[in-house]
Amino acid sequence: MRLLDDVEVFPYGAMVKGALVVADLHLGYEDALRERGVELPYEQYPTVRRWILEYIDEHDPDLVILNGDVKHEFGGALSQEWREVLDLLRTLRERGIGIEVVRGNHDNYLIPILLREGIRIRDPHLIKDGVMYFHGHKELLAIPEEVELIVMGHEHPAISLRDDLGGGHKFKVFLEGEYQGVRVLVLPAISPLAPGTDLLKVDRRGLLSPFLRMVDLDGFTIHVVDEEVGVVRLGTLEVVRRAAKISRP
Amino acid sequence: MMWGGMAMISKAVREYTKEEVLEALHPAVALWFDSKFEDLSPPQRYAVIPIHEGRNVLVTSPTGTGKTLTAFLSIISELLEMGERRELEDSVYAVYVSPLRALNNDIYRNLEVPLREIRELSPGLPGIRHAVRTGDTPTSERSRQLRRPPHILITTPETLGIILTAPKFREKLRTVRWVIVDEIHSMVENKRGTHLSLSLERLRWLVGRDFIRIGLSATINPLEEVAKFLVGYDRGKPRDCLIVETNWAKSLDLALLSPVSDLVNTPTEVVSSKMYELISRLVREHTTTLIFTNTRSGTERVVFHLKRMLRESIEDIDERIAAHHSSLSRDVRGEVEERLKRGELKAIVSSTSLELGIDIGYIDLVIQIGSPKSVTRALQRIGRAGHRLHETSKGRFIVVDRDDAVEVAVMLREAMAGRLDRVHIPRNPLDVLAQHIVGMAVESKWRVGDAYDLVRSAYPYVDLAWEDFESVLRYLSGEYTQLESRKVYGKIWYDPEEGVFGRRGRYARVIYATNIGTIPDEVAARVYTTDGKYVGNLEEGFLERLMPGDRFVLGGKVYEFVSARGLRVKVRPAFDQKPTVPAWFSEMLPLSYELALEIGRFRGEFFRMLEEGATRRELIALIMGMSNANRTAALAIYNYLRQQYLYLRSLGVGVEDMPSHEVILVESYVDEDGRTHQVTHSLYGRRTNDALSRALAYVAGRKARRNLGIAVKDTGFAIIYPRGVKPEVTIADLVGEDIRDVLRRALSRTELLRRRFRHVAARGLMILRNYKGHEISVNKQQISAQSLLKIVENIEGFPLLKEAYREIMEDYMDVERAEEVVRGIGSGRIRVVDVGVVRVPTPFAHNIVLEGLSDLIFMEDKMTALRRFQSEIERILRGESG
Numbered sequence: 001m002r003l004l005d006d007v008e009v010f011p012y013g014a015m016v017k018g019a020l021v022v023a024d025l026h027l028g029y030e031d032a033l034r035e036r037g038v039e040l041p042y043e044q045y046p047t048v049r050r051w052i053l054e055y056i057d058e059h060d061p062d063l064v065i066l067n068g069d070v071k072h073e074f075g076g077a078l079s080q081e082w083r084e085v086l087d088l089l090r091t092l093r094e095r096g097i098g099i100e101v102v103r104g105n106h107d108n109y110l111i112p113i114l115l116r117e118g119i120r121i122r123d124p125h126l127i128k129d130g131v132m133y134f135h136g137h138k139e140l141l142a143i144p145e146e147v148e149l150i151v152m153g154h155e156h157p158a159i160s161l162r163d164d165l166g167g168g169h170k171f172k173v174f175l176e177g178e179y180q181g182v183r184v185l186v187l188p189a190i191s192p193l194a195p196g197t198d199l200l201k202v203d204r205r206g207l208l209s210p211f212l213r214m215v216d217l218d219g220f221t222i223h224v225v226d227e228e229v230g231v232v233r234l235g236t237l238e239v240v241r242r243a244a245k246i247s248r249p
Numbered sequence: 001m002m003w004g005g006m007a008m009i010s011k012a013v014r015e016y017t018k019e020e021v022l023e024a025l026h027p028a029v030a031l032w033f034d035s036k037f038e039d040l041s042p043p044q045r046y047a048v049i050p051i052h053e054g055r056n057v058l059v060t061s062p063t064g065t066g067k068t069l070t071a072f073l074s075i076i077s078e079l080l081e082m083g084e085r086r087e088l089e090d091s092v093y094a095v096y097v098s099p100l101r102a103l104n105n106d107i108y109r110n111l112e113v114p115l116r117e118i119r120e121l122s123p124g125l126p127g128i129r130h131a132v133r134t135g136d137t138p139t140s141e142r143s144r145q146l147r148r149p150p151h152i153l154i155t156t157p158e159t160l161g162i163i164l165t166a167p168k169f170r171e172k173l174r175t176v177r178w179v180i181v182d183e184i185h186s187m188v189e190n191k192r193g194t195h196l197s198l199s200l201e202r203l204r205w206l207v208g209r210d211f212i213r214i215g216l217s218a219t220i221n222p223l224e225e226v227a228k229f230l231v232g233y234d235r236g237k238p239r240d241c242l243i244v245e246t247n248w249a250k251s252l253d254l255a256l257l258s259p260v261s262d263l264v265n266t267p268t269e270v271v272s273s274k275m276y277e278l279i280s281r282l283v284r285e286h287t288t289t290l291i292f293t294n295t296r297s298g299t300e301r302v303v304f305h306l307k308r309m310l311r312e313s314i315e316d317i318d319e320r321i322a323a324h325h326s327s328l329s330r331d332v333r334g335e336v337e338e339r340l341k342r343g344e345l346k347a348i349v350s351s352t353s354l355e356l357g358i359d360i361g362y363i364d365l366v367i368q369i370g371s372p373k374s375v376t377r378a379l380q381r382i383g384r385a386g387h388r389l390h391e392t393s394k395g396r397f398i399v400v401d402r403d404d405a406v407e408v409a410v411m412l413r414e415a416m417a418g419r420l421d422r423v424h425i426p427r428n429p430l431d432v433l434a435q436h437i438v439g440m441a442v443e444s445k446w447r448v449g450d451a452y453d454l455v456r457s458a459y460p461y462v463d464l465a466w467e468d469f470e471s472v473l474r475y476l477s478g479e480y481t482q483l484e485s486r487k488v489y490g491k492i493w494y495d496p497e498e499g500v501f502g503r504r505g506r507y508a509r510v511i512y513a514t515n516i517g518t519i520p521d522e523v524a525a526r527v528y529t530t531d532g533k534y535v536g537n538l539e540e541g542f543l544e545r546l547m548p549g550d551r552f553v554l555g556g557k558v559y560e561f562v563s564a565r566g567l568r569v570k571v572r573p574a575f576d577q578k579p580t581v582p583a584w585f586s587e588m589l590p591l592s593y594e595l596a597l598e599i600g601r602f603r604g605e606f607f608r609m610l611e612e613g614a615t616r617r618e619l620i621a622l623i624m625g626m627s628n629a630n631r632t633a634a635l636a637i638y639n640y641l642r643q644q645y646l647y648l649r650s651l652g653v654g655v656e657d658m659p660s661h662e663v664i665l666v667e668s669y670v671d672e673d674g675r676t677h678q679v680t681h682s683l684y685g686r687r688t689n690d691a692l693s694r695a696l697a698y699v700a701g702r703k704a705r706r707n708l709g710i711a712v713k714d715t716g717f718a719i720i721y722p723r724g725v726k727p728e729v730t731i732a733d734l735v736g737e738d739i740r741d742v743l744r745r746a747l748s749r750t751e752l753l754r755r756r757f758r759h760v761a762a763r764g765l766m767i768l769r770n771y772k773g774h775e776i777s778v779n780k781q782q783i784s785a786q787s788l789l790k791i792v793e794n795i796e797g798f799p800l801l802k803e804a805y806r807e808i809m810e811d812y813m814d815v816e817r818a819e820e821v822v823r824g825i826g827s828g829r830i831r832v833v834d835v836g837v838v839r840v841p842t843p844f845a846h847n848i849v850l851e852g853l854s855d856l857i858f859m860e861d862k863m864t865a866l867r868r869f870q871s872e873i874e875r876i877l878r879g880e881s882g
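Note that the protein sequences, when read in sequence, are chains A and B. When we follow the numbering used here, the leftmost residue of the first sequence carries the number 1, and every step to the right adds one. When we follow the numbering used here, the leftmost residue of the second sequence carries the number 1, and every step to the right adds one.
Read the hints as simulated data drawn from the structure, not as lab findings. Please note that the accuracy of each hint is not assured.
Taking lysine-lysine pairs in the DSSO-like style, the calculated list, with each CA pair at most 30 Å apart, reads [claimed, not checked]:
id, chain 1, residue 1, chain 2, residue 2
1, A, Lys245, B, Lys11
2, A, Lys170, B, Lys802
3, B, Lys533, A, Lys245
4, B, Lys578, A, Lys245
5, A, Lys245, B, Lys445
6, B, Lys36, B, Lys11
7, B, Lys772, B, Lys445
8, A, Lys170, B, Lys237
9, B, Lys790, A, Lys245
10, A, Lys170, B, Lys790
11, A, Lys170, B, Lys726
12, B, Lys703, A, Lys245
13, B, Lys557, A, Lys245
14, A, Lys170, B, Lys862
15, A, Lys170, B, Lys557
16, B, Lys578, A, Lys170
Note that the structure is predicted; figures quoted are calculated from it, not measured.
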């Protein structure tokens, strides 16, 4: 779905001015869970890789921007992270596509992995063609003059909808709105393992992103994205909230 | 050589005299026994000699009939003889297993006394050591036990599982000649029992020859199955076992009491104050009363009210009434037990924790509030009274609900006739199997065929399919993970070509020892009020369903959900308001199928007698006669059944079409919100109804393409249709459906599956509670049950997912009986009578309609759900502009 002249969104990424942006990959999640005693088969990276290659085939970008939380483990770089991150970078390189990486809060010890492929990390953000790519885990003290659009991740936005018996589905969503005259786009997490923040359940202080806590999120438009249903525009968060209350018993 | 033909499982018929028994025992033991007891207790008359002769024995008798001593007499005697022959080494000869640590400590003390007294009477005897080993045993004591092993080891199922792999201590188990399993009735029905059954076979393998197995049990049925469970199989045939049943030793004095005769129109406060008056009177008239409630919160409530009402008449009442339930700390419970044993208590109130056989001293009355839901459980609870030989077990059943009244009336009739319901023993749990395979791999390298044979010698696995066994090996060897990680995280290696498996990795032993067990941890969210006061915990699955504004009950109070961040929940007190969300997982005791059928039959007969003109006097006399009911209880039952009869007559329903064990009545009722409740009067117990209702909701939802609600009770169930949707199918439409397949689909998106899968994954060592020596709370594992499930669903034949479905369908529900009911409908043995929409639900439907919502069956796809939501949004926007 085309949101603005130069922005198109799909499950679970976006094309912004010719660049493909995805956020919150959390590669290495399975081994991080293993260290906590949960043994999962490795499903995440093959899925994420397949999706990214599909986006590339369809939209033919020159550049891929990984907008933070490329990897998962805070305390180091797990071997699974080395393996999967390098494989992703090399896969993109082989197709002759440029790569930019914006630092997220989980991306400790990512730098040595990127250096192996000669890639520099962008910290705290990357500004390109009037767009600020920013993970979202920090406050934004000042927005440079040239920025007309902020593209971020970090929040893993989602909503769950219920019918009048209480049965429901949880959907990932894009958020689209404005802050101090600058347009803002919040991406859902591409990771199939990352749990979403249910926007209908948290209050402002419960949001993960300090930046979003400063924003009037109620005026943001919600777009549901889902592999099964595609992209569906719902309306502003405020209206969605009211509708969700009405459809309750 | 004997080939077959011999009775493998048989009942003891030969009764031995005291002289015969004493003759067989070591003279010192005989001397001691003779000095202490005038005569043998009933189980001792039948069991001591067979045990002495080396036979496996299952003993069932009420508490206080000398069961434990029965088991130990011959063992102590033999050990003394071995000692005198200088054959007694520093090794374990007898293992005593019980499910309760408290019981272990009791047994330790109860052995201490005879062992000391025997030596006092006959000085110079060899010493026999006994010791307790549980999860609480400190390391110093454990190493002491390794240096000087107890001849008699007292332990729990979990600890037995662990010491089987303890590198040095397991060597001390090779000499085991006797294994006693106490309270076996409390374990056969759950996975602790499954776990134990495999441990026993592993011990058998380690010892290299059969040991004598002695099972001790309260009343249970069928004893033959429990006996097979105890002894296991040898090459596909049950090992020999003698059953000693001496329940006749105690006579029963049971009665059904209702505080009022009208349980519908009497205000709740009046019913409950009359009930406490009744209980107070009974407590005053007896020396020590044990009161069972069905819930923990009920326990505290009863204690509170009794103290209030008895303050006037009994001195120091606050000190003389106590609660005992599993939420209390072990110290508090221990102290209460001590006071009970010392006879200091007038009454003790318990939910389930006192069902098991800790020696609780003298009890002359057991009161049961509400229905205990099965004849067996009723008898087990009542069996706690009259704690002396030859004394009567006195039980009073108090009901405050009409369905309970009918239920207990029939239950007491069955109890007095000695007709018990059947136990359900889980079959082939793959999660418990996974735990043991890791344990076995830790011990040594295995030939797959040997391991498979060993597993199938345990009763629950006698029919285990090779494919299922192998799928567990494949899962544990990390087949579902990447090769690189197998070395690090795989728990076993498995070579299908060579047919061998063994331990992999440094951590396998630690993982096994620190994650053993079958009792699941729950993911709990902590709940705070908006001003930061902690009020309790909610389950993860329940939290996922809540939306801001929802009101729910926590700790008996109503709160409104405000917001949640991760597992921290904010709520606002809403004490004076009604909850809007049902409690999803009130896992109450289900009514047994056999008893349910009897109640159905009783209802049908009662309707027929009404039709044939039986008088009120006759029918009340019938009820009072069959269940020893007081007049008010008999009246309540009479009025309830008669109202149903008259209502159905007024609808033109003939007596042959009224609900019974052969007729399922269906009625529909539209509530004030426009939802239709289609009520099915299928009196088969909740385990069966849960399966039937979900299968039917799935078939109905497939037609309606909407999510449907279900409300499940023991006496029937309701399918709840949203506004604007009418029922188009009834239970009769299940005929011809593959019930297991339909049920599986109906379960695939439920909270029940997610929750049970997490439990199974923990038991199957996919989720560890303790890893590399660190305790990990489930809350810290950063993954929701939903995500877990989504991932494993993609793996073909994943054994732990298969087990989660099996556990739900076979153990939690009763899919087999559900299929039986549907077959009955198909063959015409059971008729379905649909009376259509009624303006007011019939009396039998009241409790089902009041149940509200038990769960949901999701049939609506994502797109439809979104479209419906979008039209809601459009309505709001139109409202704003117009």
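Please list, smallest to largest, the hint numbers that this structure does not respect. 1, 5, 8
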